Structure formats: C-alpha cells, structure tokens
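Undergrad: Given these sequences and hints, build the entire structure.
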Amino acid sequence: MACFIVPVAEAVVTTIITKVVKSKEKEEKVKVSFADGVVEDTTKIKFSTKLGWLNKLLWGGSALLAFEHIWHGEVVPFFPFLTAIQNGETADMFAEMFSAGVTMSVLVTAIWVCMLIVSHIIEKRAVHEVKLTEETL
Amino acid sequence: MTLLITIFAAIICTVIWYAGAYKSNMKVGFLCWLYWGASIMWFVDAIFKYAEIKAKFFNPAPLDMLNDSFLGLSVVAFGLLIWLINILITDPKGVIRENLFKKVEKTKLQSKN
Chain A
1 MACFIVPVAE
11 AVVTTIITKV
21 VKSKEKEEKV
31 KVSFADGVVE
41 DTTKIKFSTK
51 LGWLNKLLWG
61 GSALLAFEHI
71 WHGEVVPFFP
81 FLTAIQNGET
91 ADMFAEMFSA
101 GVTMSVLVTA
111 IWVCMLIVSH
121 IIEKRAVHEV
131 KLTEETL
Chain B
1001 MTLLITIFAA
1011 IICTVIWYAG
1021 AYKSNMKVGF
1031 LCWLYWGASI
1041 MWFVDAIFKY
1051 AEIKAKFFNP
1061 APLDMLNDSF
1071 LGLSVVAFGL
1081 LIWLINILIT
1091 DPKGVIRENL
1101 FKKVEKTKLQ
1111 SKN
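Here the protein sequences come in this chain order: A and B.
First residue of the first sequence? That's 1 in the numbering used here, and the numbers climb one at a time after it.
First residue of the second sequence? That's 1001 in the numbering used here, and the numbers climb one at a time after it.
Honestly, I wouldn't trust all of these hints.
Which chain B residues stay away from chain A? Per the calculated CB distances, all over 10 Å, these [what the hints assert, rightly or not]:
1) G1020
2) G1079
3) R1097
Computed list of lysine-lysine pairs in DSS-like fashion (alpha-carbon distance at most 30 Å, straight line) [stated by the list, open to error]:
4) K1027/B - K19/A
5) K26/A - K1027/B
6) K50/A - K1093/B
7) K46/A - K1023/B
8) K1093/B - K19/A
9) K1056/B - K22/A
10) K50/A - K19/A
11) K50/A - K1027/B
12) K1023/B - K50/A
13) K1054/B - K1102/B
14) K29/A - K1023/B
15) K29/A - K1093/B
16) K1102/B - K46/A
17) K29/A - K56/A
18) K1093/B - K22/A
19) K26/A - K1023/B
20) K1093/B - K124/A
21) K46/A - K19/A
If you're looking for bench data, these hints aren't it; they were derived computationally from the structure.
All figures in this text were calculated on a predicted structure; none of them were measured in a lab.
Ideal Cβ positions, reconstructed from N, Cα and C, are used throughout, including at glycine.
TA: Now the structure itself:
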C-alpha cells in the first residue's frame, strides 16, 4: 500500500544528519597494512561516508519499492497519490506502514550496523598489523 | 520471483564491483546499494506475505509467477536506468565533458575562419 514511505522518511532524516556530520568532520590519518603487505598512510573512513551507505541503501531500496507500488497501481500521479486513501483504506494503509514499513527500516538499519561492526573490525585489524610489523622491526 | 530476481541482480553487481573495484570508475557500487536495499525491503515483504498465506507462498500460480518475473525484470531495468542517469550526470570518466569541450573548440575555430 505505502510501506516504502517509512524508509523514505528515514532516508530524509539520515541524509540531513549526514550533511550536518560532514560539515563538522575532520580527516584522521592512520597507517594501514594492505592485503599485499604494503604499509601506507591513509585517511580513516569518515562517519559521514558510513552514513552514506545507509542513505544509499534506504534511497535505492525505496526507489525500487516505489516503482513496484506504481506497477501495482497503489501510487498514482494525481492527488491524493495513494489509492488506499482514495478508496477509504487509510487505516489499513497505516497498519501496513507500521508493520511492514517499520520492519523494513529496522532491518536495513540493523544490516548497516552489522556493516559498521565488520568495517570497524577490519580497520582495527589493519592498524594492529602495522603495529606488529613496527614492533618486530 | 521479484525478490529472487533482485537478489540475483544484487549478487551479480557485487561480484562485478569486487572484481574491478580499483580499475573501474563505472560506479557499479551504486547499483549494488540500489539492489541490496530493494532486496532487504522485499525480503521483509515476503516474510509478511508468508505469515499471511503460509505454505501457499511457495506454490504460486503460474500466472502470478509470470507477472512477478515481469515485474522483477522491470525493476532491474529501472535500477539500471537510475544508474545510467547517475553515470551520465556525474560523468566519472569525463567522456561527456570532453565531447562538449571539443564541440566548443570546433565552433570557435569555425567562427574564426
């Protein structure tokens, strides 16, 4: 019906947060060991970049989901834009938004959090390997 | 079928992105985010549908399957279209910019002659 509206709303909020975080962030340089054993000075991935991953997931998913809703005739190009409102099924629409829509947003965010944890582990390991090589030298 | 087709598109794009991550600047990563985002959302949709119709979810009518496949392919095409527009606007290889500048140079030379 209109479940994609919830991820869209989240995407709007996270995009604004990303802009604010980006304007306040500073570059952090670290020494990193790459897969081929080369140690190089690099800049640490900014949190705004990581927030960008969530934005892309939310905007991308919502765009394709919106296409599906147009396909099924649930979204129309004229006011009130949602056929559920037009047919007096507003309560059902809100129920679907709170069940499926919220679950979609929560799952996407949970997967993004997992990605953050994995990237943090990879970053930590790469920095730790440099420390070990420096200690052995 | 829509979910399955989108997941396959997401996997193929991720493999292409990983294989040429440093060599290519075709922004395949953009497609990965697009398809993975949609796959997660449709996965949730599938769970809710399964909770509603139980085992019938795995035995769709042939016509429904055909319709869903058609939608899945259209979704993949729509995703590719968004990616293409993004590529043409951001122009990571500078192809469009180069062509436009060439045109300007040519017109300048013609006007001088």
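Undergrad: If a hint holds in the structure, say so; if it does not, say that too.
TA: Hint check:
no. : hint              : in the structure
1   : G1020             : holds, 16 Å
2   : G1079             : violated, 6 Å
3   : R1097             : holds, 24 Å
4   : K1027/B - K19/A   : holds, 21 Å
5   : K26/A - K1027/B   : holds, 25 Å
6   : K50/A - K1093/B   : holds, 25 Å
7   : K46/A - K1023/B   : holds, 23 Å
8   : K1093/B - K19/A   : holds, 26 Å
9   : K1056/B - K22/A   : violated, 48 Å
10  : K50/A - K19/A     : holds, 12 Å
11  : K50/A - K1027/B   : holds, 17 Å
12  : K1023/B - K50/A   : holds, 22 Å
13  : K1054/B - K1102/B : violated, 62 Å
14  : K29/A - K1023/B   : holds, 24 Å
15  : K29/A - K1093/B   : holds, 28 Å
16  : K1102/B - K46/A   : violated, 38 Å
17  : K29/A - K56/A     : holds, 26 Å
18  : K1093/B - K22/A   : holds, 26 Å
19  : K26/A - K1023/B   : holds, 28 Å
20  : K1093/B - K124/A  : violated, 33 Å
21  : K46/A - K19/A     : holds, 12 Å
The structure is inconsistent with the numbered hints 2, 9, 13, 16 and 20, although it conforms to all the rest.
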